[in-house]
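Trainee: Take a look at the letters that make up each chain.
Protein chains: 2
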Amino acid sequence: MQIILLSGGSGTRLWPLSNDARSKQFLRLLDVGGTGRRESMVQRVMRQLRESGITADVTVATSASQRDSVLAQLGPQVNIVTEPTRRDTFPAICLACEFLAREKNCAPDETIIVMPCDPYTEAGYFEAINKMAGGLENSGDELIVMGIDPTYPSAKYGYIVPAGGTASPNGVIPVKRFTEKPDVEQAKKLISEGALWNGGVFAFKLDYVTRIAEKYVKAENFAEIRDRYEEFPKISFDYEVAEKASKIGMVKYHGDWKDLGTWNTLTDELKTHEYGNVTTDGTGRNTHIFNELQIPLLCLGTQDLVIAASPDGIIVSEKNKSENVKTFAATLKQRPMFEERRWGSYKVIDSIEFPDGYCALTKQLTVNADCALSYQRHFCRDEVWTLIDGKGEVVIDDVRRPVQRGETIFIPKGVKHALRAFTSLTFIEVQSGSNLIEEDIERFDYKW
Amino acid sequence: MQIILLSGGSGTRLWPLSNDARSKQFLRLLDVGGTGRRESMVQRVMRQLRESGITADVTVATSASQRDSVLAQLGPQVNIVTEPTRRDTFPAICLACEFLAREKNCAPDETIIVMPCDPYTEAGYFEAINKMAGGLENSGDELIVMGIDPTYPSAKYGYIVPAGGTASPNGVIPVKRFTEKPDVEQAKKLISEGALWNGGVFAFKLDYVTRIAEKYVKAENFAEIRDRYEEFPKISFDYEVAEKASKIGMVKYHGDWKDLGTWNTLTDELKTHEYGNVTTDGTGRNTHIFNELQIPLLCLGTQDLVIAASPDGIIVSEKNKSENVKTFAATLKQRPMFEERRWGSYKVIDSIEFPDGYCALTKQLTVNADCALSYQRHFCRDEVWTLIDGKGEVVIDDVRRPVQRGETIFIPKGVKHALRAFTSLTFIEVQSGSNLIEEDIERFDYKW
Numbered sequence: 076m077q078i079i080l081l082s083g084g085s086g087t088r089l090w091p092l093s094n095d096a097r098s099k100q101f102l103r104l105l106d107v108g109g110t111g112r113r114e115s116m117v118q119r120v121m122r123q124l125r126e127s128g129i130t131a132d133v134t135v136a137t138s139a140s141q142r143d144s145v146l147a148q149l150g151p152q153v154n155i156v157t158e159p160t161r162r163d164t165f166p167a168i169c170l171a172c173e174f175l176a177r178e179k180n181c182a183p184d185e186t187i188i189v190m191p192c193d194p195y196t197e198a199g200y201f202e203a204i205n206k207m208a209g210g211l212e213n214s215g216d217e218l219i220v221m222g223i224d225p226t227y228p229s230a231k232y233g234y235i236v237p238a239g240g241t242a243s244p245n246g247v248i249p250v251k252r253f254t255e256k257p258d259v260e261q262a263k264k265l266i267s268e269g270a271l272w273n274g275g276v277f278a279f280k281l282d283y284v285t286r287i288a289e290k291y292v293k294a295e296n297f298a299e300i301r302d303r304y305e306e307f308p309k310i311s312f313d314y315e316v317a318e319k320a321s322k323i324g325m326v327k328y329h330g331d332w333k334d335l336g337t338w339n340t341l342t343d344e345l346k347t348h349e350y351g352n353v354t355t356d357g358t359g360r361n362t363h364i365f366n367e368l369q370i371p372l373l374c375l376g377t378q379d380l381v382i383a384a385s386p387d388g389i390i391v392s393e394k395n396k397s398e399n400v401k402t403f404a405a406t407l408k409q410r411p412m413f414e415e416r417r418w419g420s421y422k423v424i425d426s427i428e429f430p431d432g433y434c435a436l437t438k439q440l441t442v443n444a445d446c447a448l449s450y451q452r453h454f455c456r457d458e459v460w461t462l463i464d465g466k467g468e469v470v471i472d473d474v475r476r477p478v479q480r481g482e483t484i485f486i487p488k489g490v491k492h493a494l495r496a497f498t499s500l501t502f503i504e505v506q507s508g509s510n511l512i513e514e515d516i517e518r519f520d521y522k523w
Numbered sequence: 076m077q078i079i080l081l082s083g084g085s086g087t088r089l090w091p092l093s094n095d096a097r098s099k100q101f102l103r104l105l106d107v108g109g110t111g112r113r114e115s116m117v118q119r120v121m122r123q124l125r126e127s128g129i130t131a132d133v134t135v136a137t138s139a140s141q142r143d144s145v146l147a148q149l150g151p152q153v154n155i156v157t158e159p160t161r162r163d164t165f166p167a168i169c170l171a172c173e174f175l176a177r178e179k180n181c182a183p184d185e186t187i188i189v190m191p192c193d194p195y196t197e198a199g200y201f202e203a204i205n206k207m208a209g210g211l212e213n214s215g216d217e218l219i220v221m222g223i224d225p226t227y228p229s230a231k232y233g234y235i236v237p238a239g240g241t242a243s244p245n246g247v248i249p250v251k252r253f254t255e256k257p258d259v260e261q262a263k264k265l266i267s268e269g270a271l272w273n274g275g276v277f278a279f280k281l282d283y284v285t286r287i288a289e290k291y292v293k294a295e296n297f298a299e300i301r302d303r304y305e306e307f308p309k310i311s312f313d314y315e316v317a318e319k320a321s322k323i324g325m326v327k328y329h330g331d332w333k334d335l336g337t338w339n340t341l342t343d344e345l346k347t348h349e350y351g352n353v354t355t356d357g358t359g360r361n362t363h364i365f366n367e368l369q370i371p372l373l374c375l376g377t378q379d380l381v382i383a384a385s386p387d388g389i390i391v392s393e394k395n396k397s398e399n400v401k402t403f404a405a406t407l408k409q410r411p412m413f414e415e416r417r418w419g420s421y422k423v424i425d426s427i428e429f430p431d432g433y434c435a436l437t438k439q440l441t442v443n444a445d446c447a448l449s450y451q452r453h454f455c456r457d458e459v460w461t462l463i464d465g466k467g468e469v470v471i472d473d474v475r476r477p478v479q480r481g482e483t484i485f486i487p488k489g490v491k492h493a494l495r496a497f498t499s500l501t502f503i504e505v506q507s508g509s510n511l512i513e514e515d516i517e518r519f520d521y522k523w
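Residue numbers (this note's numbering), protein chains in the order written: chain A, 76 to 523; chain B, 76 to 523.
Simulated from the structure, these hints should not be mistaken for lab results.
A virtual CB, placed ideally from N, CA and C, is assigned to each residue, including glycine.
Don't take every hint at face value.
For the chain A half of the interface with chain B, some residues (derived, Cβ under 7 Å), not all of them [said to hold, decoys possible]:
1. D356
2. P371
3. L373
4. V391
5. E393
6. K396
7. F403
8. F429
9. A435
10. T437
11. T461
12. T483
13. I503
14. V505
Construct all of the structure, not just a fragment, from the sequences and the given hints.
Mentor: Laid out in structure tokens, this is it:
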């Protein structure tokens, strides 16, 4: 068995804690029951998979911008397949399946489970996944989906209508049809007929999907498929695969299944009310406060609020209005002010543009021990690094030398530079020049 | 006539916009009616003085920490007398009077008006001041005080009980006695007897106070008085002077007289609801938002709140609880993260301390055109300056050279350095070392 974990989303609904580089599923806010530790949604799903006895390899299908976050949070225990451009779930799942078939040499009859990384669920969800895999072996179904027991007639979800047959020993029941998001009246009727929510979890044999993929991209190897990624239609897996399958089964899941994608739904699950440098007078009611800035945040009183501060911005919102953040966050868009990268992390601590267009951007960066920044140069900006902690070495125009805390390195435009950390290495970087964009970079190979 | 404007206060009640270096009276939040410009309390008082036809010289009595703020906001149009240490209103007024007598050579019978800089008042307040000065000339009173028409039986103010005589042509009525803060029941009784609030505005002849001052410090010159400042008793002017005067008059003032020293009272006077980089959904009710940070602040809904963010911190408070900020601000105390200085201003953009005690502090500084940083050296820290705008010159261990945007200057510990700006000059400073305190400084004279 192989697991494909879908990790997408831009995450503006949890602004300012989430941004393009740090989607909601990477926020480390969830309590790991009783341990005092916190984990993110993707970390929780990985932990739950393992705790439920599922030892299958996991391949995360994600966008290039999330690659470093996945690596930082899940480490080398997963494979990562990144989409060259963002499309939809059908192309993303095809790409991951082709990776398994051609790079990991999985057999055509390997059982594949596709699952999203963001529903907040209980152990029964993973038992259902095991049943789906078992059912696939002996039901003759092309596809087995997970049906979520609906708790209200939602117009937000797709529905799965059962055919009415009896369940197999694995708990698989035949599916009659799928219905896309209905209105509330239709939803009520569907539920009365026994329909369930479509949870976006699928089980199938690997070649079932690779054969469909070949209809769009027939290639020699995985690299070519990835290069021709845009030839896949921009369509969901539900439309392109599930609704066209001839024999489909369903396994029911009854239990918690929540999208913690808005401040309102997320805070419902958080027992901790204050994160980071927060002081209160103890009179707040139903107020959740998140402070990722170094400066103190003081809260006196307040009711039914969510307050969050990060290097990207500050929100103060009534909880029942917090869904609207998406509308505004788009207009507040700026460069990400904080990023977790595979080599460490950085935050922007100052940004200023002068009337003549000259800019300065100051960052605090930490490169993890044994990690390195790539060898690179810029054409529009100078950089000054002041090392304030740790030891390592730099390469400046092919000359390598050791550096440590207290040293300052001036890197004029056009000069190639790289840095490697022996111990965790922190420095302040002042970029200045006429055009401070991430794209002003030329990368070189360097053999350390 | 000479005006002594008392400017004190630590300003924790308007945290995080106010701090030790920027007391509430320096916050530029008040609308200058109809002009679109904003002014601070001290700027408003100066403007009102001039608009009411009072052309007398103004001497600001303040603490050393506020000297630069006064200079930055009022400029050279005022004299500044700073207390060597903070004591109380009696010593502060003595010091200012000695300054007028000995440094400004004012005559012993010069009329002195002492007034606080922070009540929010109307034109009538300044008419009353003119009447106090006029009354002093022909009433024979040693002291004339301003009585504020009370609007409620407050237990927060001192009261002035009139003697019951008739008013002079200048509107001066005899005072029977002063009463310090009563309880509410006593206050009701006092008001029924015609008592007024003591507004802390005094008129007297210069030598009336210098003769009292001499009882404590008899000195050759002003410098000696300032050196021996601690010999003055720590006592208020009311106790030491007003309550001991034998013949006292009072001029009544009827009109607005407000202490805008809490978020609640301040925001009552502000027609503007959003200051700085603020976005709202337009559904907020009675919410005032102040954002002095560069990052955006988004507010969705909310009622009866004050929200303020500055480099010192963030507050979100119900308005009726905002008085409590004082209690908490003390515990959140840290170095001021923003200061207006006589040479310009700076803000702290990053601060980090490592487990071994080594620290780094990063600031963005702007030195105004034609201003200079003093010649100095440090023993515990290195500094790195990266110039990002403007032109000027630096002195490094007695060697002077021109500098401009794009240059980086490394100043190891022990090296003397100064900087002068030809045009407004902005730079990023990274301090790093074992002990980053303001006191790690040795200053030298330098002739530019």
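Trainee: So, for every hint listed, does it hold in this structure?
Mentor: Now for the hints, and whether the structure bears them out:
A cut of 7 Å between beta carbons decides the hint on A:D356: the least distance to chain B is about 6 Å, and the hint holds. The interface hint given for A:P371 holds, since its Cβ lies 4 Å from the closest Cβ of chain B, which is under the 7 Å cut-off. Restraint check, A:L373 versus chain B: the minimum CB separation of about 5 Å is within 7 Å; hint holds. Hint status for A:V391 relative to chain B: holds, with the closest Cβ pair at about 5 Å, below 7 Å.
The closest approach between the C-beta of A:E393 and any C-beta of chain B is roughly 4 Å, which is under the 7 Å cut-off, so the hint is satisfied. Interface hint at A:K396: satisfied, since its Cβ lies 4 Å from the closest Cβ of chain B, which is below the 7 Å cut-off. Below 7 Å, beta-carbon pairs count as interface contacts, and A:F403 has one with chain B at about 5 Å; its hint therefore holds. A hinted interface residue such as A:F429 counts as satisfied when its beta carbon comes closer than 7 Å to some beta carbon of chain B; here the least separation is about 5 Å, so the hint holds.
Interface restraint check for A:A435: the shortest CB-CB distance to chain B comes to about 4 Å, inside 7 Å, so the restraint holds. For the restraint placing A:T437 at the interface with chain B, the shortest Cβ-Cβ distance is roughly 5 Å, inside the 7 Å limit, so the hint holds. Taking 7 Å as the C-beta cut-off, the interface hint given for A:T461 holds, the closest approach to chain B being about 4 Å. Because the closest C-beta pair between A:T483 and chain B is about 5 Å apart, less than 7 Å, the hint holds.
For A:I503, the shortest C-beta to C-beta distance to chain B is roughly 5 Å, which falls under 7 Å, so the interface hint holds. Satisfaction of the interface hint for A:V505 is found here, the shortest Cβ-Cβ separation to chain B being roughly 4 Å, below the 7 Å cut-off.
Of the numbered hints given earlier, the model fails none.
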